[in-house]
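**Student:** Starting from the structure of chain A, add chain B where the hints point.
Just so you know, the sequences run in chain order A and B.
According to this note's numbering, the residues represented by the first sequence are 35 to 425, in order.
According to this note's numbering, the residues represented by the second sequence are 1026 to 1181, in order.
Simulated from the structure, these hints should not be mistaken for laboratory data.
Each hint should be verified, as a subset may be incorrect.
Said to hold, decoys possible - Partial pick of chain B residues on the chain A-facing surface, computed with a CB cut under 10 Å:
1. K1047
2. V1060
3. G1151
Claimed, not checked - In the BS3-like style, the derived pairs of lysine-lysine whose C-alpha atoms are separated by at most 27 Å in a straight line are:
4. B:K1055 - A:K317
5. A:K243 - B:K1078
6. A:K243 - B:K1069
Built from N, CA and C at the ideal position, the CB exists for glycine as well.
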Amino acid sequence: MSTIDLILGPQHPAFKEPERFLFKTEGEIVVDVEPRLGYVHRGIEKAFEMRNYIQGLYLAERICGICNVAHTLCYAQAAEEVYGVEVPPRARYLRAVIHELNRIHSHLLIIGVAAELIGFDTLFMLIWRDREIVMDLVEMMTGNRVISAYITIGGVRRDVSPEFIEKAKKMLTKLEERVKYYRKVWIEDPIIRARCVEVGKLSKADAIKLCAVGPTARGSGVNYDVRRHRPYAAYDEIPFNVVLREEGDVWARVLCRIDETLEAINIVKYALDHLPSGDIRVKVPIRPPPGEGVAFVEAPRGELLHHVYSDGTDKPYRWRVRTPTYANIPAVCHMFKGCYIADIPAILVSIDPCFSCTDRVTILDIRTNERKILTWTQLKKMFREFRRPKA
Amino acid sequence: MVHLVEVESEVAEYLRTKLGDKLFGVATPKKLRVVVRVSSDAVKSCIRAIQEKFGDVHLTTITGCDLGEELELTYHLHLYANNVHIMVKTKVPKSEPKIDTITDVIPGAVLYEREVYEMLGIQFIGHPKLERLFLPDDWPEGIYPLRKDWRPEGLK
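With the rest of the complex left out, here is chain A (with noise of 0.2 Å):
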C-alpha cells in the first residue's frame, strides 16, 4: 500500500499550542512520524544570560503559565545552589503546598481536555468546573489566580494565615470528593475504555530506553518520581505514595494523574497541619559567588532541570533549562506508531503537551503539487507584494 503524508497542526483543533506532526500512514494506520518542534521557541535561555538573577526569576516564571510554580522553584533551587543559602523550613513547607497546588490544577486541567478529544465533553466541563476550587485557593494564598509570583530565591514572598488554612482545608476536601467521582467515572465509563485502553501502549523498556519522565513513565511502570528519589522543598519529610500503572497506555497515564492529584491533596493538608513556625525567606546579595548550581523539580508533565553557570557577575554565565514536554516527544512519537489515525489526539494528550517554542506556512500548489514551506520574511514580502497597488 503506498504511503501518505498527513500533516496536523501548527494549527489544528486537537492540539491546544502550535505544533506541527507529519504522519506517514497506510490507510488508517500511522507507520512514522515526524515532529517539527520551534513554533514558539522564543530563545530564553539566551534571554536569561542578560537579566540579573531577580529578573530571571520572572522570566522562568513565563516559560510555562501552567506549570509556573515548578519553573520558578526549580530557577530559586539551582540559584540558592549558587549562593550557596538555606531556605527556611516554614517556606520549605509553603513551597510545597504552591506547588502541589499547581499540580492539582494542571492535572485536572488536562485530565478535562483527555476527556472532551476523546468526545465526552460534559466529563470536561464538570472537571474545570471543579477545577476553579483549586484556583481560587491559589488566588487567596498568592494573590493571582496562575502566574503567581509566590516563590523567590531564599524562600517565598507571602506567608499564609491560619483562616486560609481552615478554609483550604474545607475547600480541598469538597474538591477530594469530586476528584474520587471523576476516578470512578475513568475506571467504570465504557466509552472511556473503548477509547483509551490498550491505545498508545508505551513499554516499559521503551519508557526508559527514550528517556521518558513524569506521570508518562511511571504510567509504564518506571518508578522515578524526584519528589521521591531526590526529595526537595519538604518532600523528605511529608508522607506520600509515587503512584504507579504497569498497563503503559492512555488509560493509564491519565489514571496515574488523576491518583496523583488525590495524594496532592493529602500532600497539602498534611503540609498545612504541620506547618513549622519562622521566617518565610533569606535576603540574598545582586551578586552571587563563581560557581554552579543545578536542580530538579518533579513539574506536573516529570522532571524539570534548570542548569546555571555563575562566574560572580550579576547575571547568569548560562542558563540551561530542561522542560518535561521535551524530554518525551521521542516516546509520543514512538507512541504514535502503528496506531490509527482516529487516536492521535488522544495519544498526544496523555502525554500533556506544553509546547513552548517561530512561525512559517506550507503552501501546496494543487495545479503542480508541489509543497513548499514558506518563511516569516517571505511571507511577509509575499504580503507586502500582494498589499502594493498594481500599477
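**Tutor:** Frame of chain A; chain B shown alone:
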C-alpha cells in the same frame, strides 16, 4: 534505604578504576550527586561502564556551554538503581567541535544532541539525523545563537 554517602563514593570509586587516564577528576559536591570530568573520546565508554554496573540510566539532558576557547558539555544522568545524579563533563575545542554521538547507547539523546548542534555548533559523529530542531528555516548557516560571540540584534 542505603546510606547516601556510600552510594556516591561507590560510583566515584568505580569510575576511577574503570576509566583510568581518560578521567580528569571526580567530585561529590552534595548528597546524591557525582561530577565526573572525562576526555571527549571517553564519554561513551563512561556511560557504557555506568550501564554495565548500575543498570538502566535515564539521560535528563545535555547542557552545552561556551567557555571561550572551549565548549563544555554536561551529560546529566540519573541512575534508577540508587538515585544518584551523575554529571559527566567534557570539553571540546571551538576550533574543532566534534564528539561521538551517544544515541547508540541512549536512544533518548536524539533531540538533545540536535539542540546542542544547532545552538552551539557541535558535530555529533554518528548521529542518525543531525538537523536543526527549534531554529527557524531561514536562520543563517554557521550562526550558533548560544555561543558568546552572538548577540541578538537591537539589544544593548
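**Student:** With reference to the structure, classify each hint as holding or not holding.
**Tutor:** Now the hints, each set against the structure:
no. : hint             : result
1   : K1047            : violated (22 Å)
2   : V1060            : holds (9 Å)
3   : G1151            : violated (17 Å)
4   : B:K1055 - A:K317 : holds (23 Å)
5   : A:K243 - B:K1078 : holds (17 Å)
6   : A:K243 - B:K1069 : holds (16 Å)
Hint violations for this structure: numbers 1 and 3, all remaining hints satisfied.
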